[in-house]
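Asks: Spelled out, the chains give:
Protein chains: 2
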Amino acid sequence: MTDATPDDKKLYAEKMAKVQTARSKMMAKKTVKKGLIIVHTGNGKGKSSSGFGMILRAIGHGFPCAVVQFIKGSMFSADRQVLQDRFSDICQVHVMGEGFTWDTQDRDRDIAAASRAWEKAKELIRDPNNRMVLLDELNIALRYDYLNADDVAEFLLAEKPEMTHVVITGRNAPERLIEIADLVSEMKEIKHPFRKQGISAQAGVEY
Amino acid sequence: MTDATPDDKKLYAEKMAKVQTARSKMMAKKTVKKGLIIVHTGNGKGKSSSGFGMILRAIGHGFPCAVVQFIKGSMFSADRQVLQDRFSDICQVHVMGEGFTWDTQDRDRDIAAASRAWEKAKELIRDPNNRMVLLDELNIALRYDYLNADDVAEFLLAEKPEMTHVVITGRNAPERLIEIADLVSEMKEIKHPFRKQGISAQAGVEY
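Keeping their order, the protein sequence lines are chains A and B. Heads up: the first sequence runs through residues 743 to 949, numbered per our numbering. Heads up: the second sequence runs through residues 743 to 949, numbered per our numbering.
The set of hints was computed from the structure by calculation and includes no laboratory data. One or more hints might be untrue.
When chains are identical, the list treats them as one kind, so a pair holds in a single copy or across two.
[Said to hold, decoys possible] In silico BS3-like links for lysine-lysine, alpha-carbon gap of 25 Å or less: (1) K933 / K757; (2) K767 / K757; (3) K933 / K776; (4) K775 / K930; (5) K902 / K933; (6) K757 / K902; (7) K767 / K933; (8) K775 / K933; (9) K930 / K776; (10) K933 / K862.
Keep in mind the model is a prediction, meaning the values are calculated, not measured.
Start from the sequences and build out the full structure, keeping to the hints where you can.
Replies: Next up, the structure:
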């Protein structure tokens, strides 16, 4: 790879210079800064961990931020634990869910827990001090009709402060949420070790 | 949503009990624990942030871990900064890249930087003390042929300690890497604010 001729090198430098120019032009046009509604959905891994990664990034910028966990309440979550132990001065964490619904088996209780979580989420989003709010697994609560997607969308459009980023995770994001979002990534499962290899959920990977 | 009849509630509880039983059976069969090769690829957002989220999770478990950044060397990265400032006791961070290649315009220098990064990555992966190693944007270095994908795959198959997780990010993951990976997620761009709205890269979202 290093036996390029002087001509090759020149061509490479020219090509990269063009890419740089095009990119600078593109970036110069992109001047608007605003708080985004970000949705991570799909059946693959990386939705929640990406949300927590963005929270870590916000903390790195010194931005006050907050996390509401809608579903995984009763499970141990190491990423949540680090935030609580080390960053409680800058990042609020609210664990509102009571675990997976197949463990509670009580729809009224699930709905009540989701409603409490959503009330807390609204309060955190309304507080203009918060620069990023992660609503972890909110899509699951919407999917099971514990909360109404139109209500959530309407609230975000009407009341989210201009500069606040709201990050929403969970598979099966409702169409209405995708419509109003600024940025949507679908995490697609290409390969998963549970499927074929009999590999269990593991510390550091799943929780 | 709360005006369910007693029959509805019974049906719901029965359905969820069945899901719980099926899930417990499925999980009971999944008993193997092993270090995984994890690839986050695709054109959507969330690849690196998910990698950093997994590192945060590993830290929450008290696992020594390490990050090698192959490309974003000269850019400010807030997630990296938090790790360096707050977790240097448990997480090593090595910034080996020299920024995006269109900024350096010197292929030999790009190749030399990628090779140094890969040597450091091998050293970190070989050290059995590390439970997770994130190779951030390695796929970009492979895509530009700064490194050889077969060499990387062969090293991981031959030398990665049994229990170490290796997380590799970047778009255009080479086929060979996908073949040997245990877990692959493709982050697909569904909507991106750069495209239509003239929104700039923002602190907390892109860096």
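Asks: Now tell me if each hint is right for this structure.
Replies: To see whether the hints hold, each was checked on the structure:
Taking the shortest Cα distances, K933 and K757 never come within 25 Å of each other, neither inside one copy (35 Å) nor across copies (29 Å). For the identical chains of this complex, K767 and K757 are intra-copy neighbours only, at 16 Å inside a copy versus 56 Å across copies, given an alpha-carbon limit of 25 Å. For the homomeric pair K933 and K776, the shortest alpha-carbon distance between copies (16 Å) is at most 25 Å, but the shortest distance inside one copy (35 Å) is not. Taking CA atoms no more than 25 Å apart as the test, K775 paired with K930 passes between copies only; the shortest distance there is 23 Å, against 29 Å inside one copy.
In this homomeric assembly, K902 and K933 come within 25 Å of each other (Cα to Cα) only across copies, at 19 Å, whereas the closest approach inside a single copy is 37 Å. In this assembly of identical chains, K757 and K902 lie within 25 Å of each other by CA distance neither inside one copy nor across copies; the values are 43 Å within and 37 Å between. In this assembly of identical chains, the alpha carbons of K767 and K933 lie at most 25 Å apart only when taken from different copies (21 Å versus 38 Å within one copy). Within a single copy, K775 and K933 get their C-alpha atoms only as close as 36 Å, which misses the 25 Å cut-off; across copies the closest is 17 Å, which meets it.
With identical chains, the CA atoms of K930 and K776 are at most 25 Å apart between copies only, with a shortest distance of 23 Å across copies and 28 Å within one. With identical chains, the CA atoms of K933 and K862 are never at most 25 Å apart, being 36 Å at best within one copy and 28 Å at best between copies.
Checked against the numbered hints above, the structure violates hints 1, 6, 10; every other hint is satisfied.
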